[in-house]
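Same order as they appear, the protein sequences are chains A and B.
Read left to right, the first sequence gives residues 4 to 117 (the numbering used here).
Read left to right, the second sequence gives residues 314 to 425 (the numbering used here).
It should be emphasised that the hints constitute simulated quantities derived from the structure, not laboratory data.
Check the hints yourself; a few may be wrong.
Stated by the list, open to error - Straight-line alpha carbon distances no greater than 27 Å define the calculated DSSO-like cross-link-like pairs of lysine-lysine that follow:
1. A:Lys81 / A:Lys19
2. B:Lys374 / B:Lys417
3. A:Lys65 / A:Lys14
4. B:Lys412 / A:Lys65
5. A:Lys81 / B:Lys374
6. A:Lys81 / B:Lys412
7. A:Lys65 / B:Lys417
8. A:Lys14 / B:Lys381
9. B:Lys412 / B:Lys381
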Amino acid sequence: EAGVVQSPRYKIIEKKQPVAFWCNPISGHNTLYWYRQNLGQGPELLIRYENEEAVDDSQLPKDRFSAERLKGVDSTLKIQPAELGDSAVYLCASSRRGGGTEAFFGQGTRLTVV
Amino acid sequence: AQSVTQPDIHITVSEGASLELRCNYSYGATPYLFWYVQSPGQGLQLLLKYFSGDTLVQGIKGFEAEFKRSQSSFNLRKPSVHWSDAAEYFCAVGGSNYKLTFGKGTLLTVNP
C-alpha cells in the first residue's frame, strides 16, 4: 500500500509570508496527525483529526496556524504569517484509529523561514 | 502529564557490538509504548510496539524491547549492530487519550 505522502519536501520562505503543506494519508486511515519536529528534538503534536473533525488542537498556535481536512481524507496545514521560529520539519502521520494503534509517518516538509 | 525521557543524546558503538537505548516514561495508566527510527531526511519508521501481554517484544531489523512497569522503562536492544543501524531513535508513549508523546531522541553512530 502507498504510504503517507507529503508535499512539498522542502520550502524556503521569507518571514511574514504564508506557507501551506499538504498531506495525503494512507487509504482507509481515519486518524490524521500533524507534528512539528524542531532540530534535535522529537516530534510534537500540533493537531489530530478523526475523519474530518479536529479532536485535539490544543498545541496548535491558532493565531497563525490553521489546518483543515476536507472530506476526511487529505489535509492542509497553513502558517500565516510565518516567523523565523517556525523553521522546522512538519510531519504528517495517519493511523486506522486513535489511541495505541501504529501511526505511519510521511517524509515530512522541511520549512526554512529566512 | 505524559512524558518520555531518553537519557542518552548520542551513543557510539562499534559494528557488531551490542546496543541498548534507554527510555523512561511517565503515564498515568497502562501505556502504549513505541520505538521509532529516523534516518536523515526521512520520516519515522516504527521498529516495535508494546500494547499488552508479553513484556519482551520483537521488532523489525533484529530489535527488541522490554517493558518494565516497576521501572517505567522500555529499553531498546539489539545483540549485534550493523552500520546501517546508524540513525536517530525515538521512544514514544501513548494510550487511550490518543496522544502520542515522543522523547527527544538518541542519535546512534556506528563505527566500522
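Here is how each hint holds up against the structure:
no.: 1; hint: A:Lys81 / A:Lys19; verdict: 13 Å, holds
no.: 2; hint: B:Lys374 / B:Lys417; verdict: 22 Å, holds
no.: 3; hint: A:Lys65 / A:Lys14; verdict: 21 Å, holds
no.: 4; hint: B:Lys412 / A:Lys65; verdict: 19 Å, holds
no.: 5; hint: A:Lys81 / B:Lys374; verdict: 36 Å, violated
no.: 6; hint: A:Lys81 / B:Lys412; verdict: 22 Å, holds
no.: 7; hint: A:Lys65 / B:Lys417; verdict: 25 Å, holds
no.: 8; hint: A:Lys14 / B:Lys381; verdict: 42 Å, violated
no.: 9; hint: B:Lys412 / B:Lys381; verdict: 21 Å, holds
Hint violations for this structure: numbers 5 and 8, all remaining hints satisfied.
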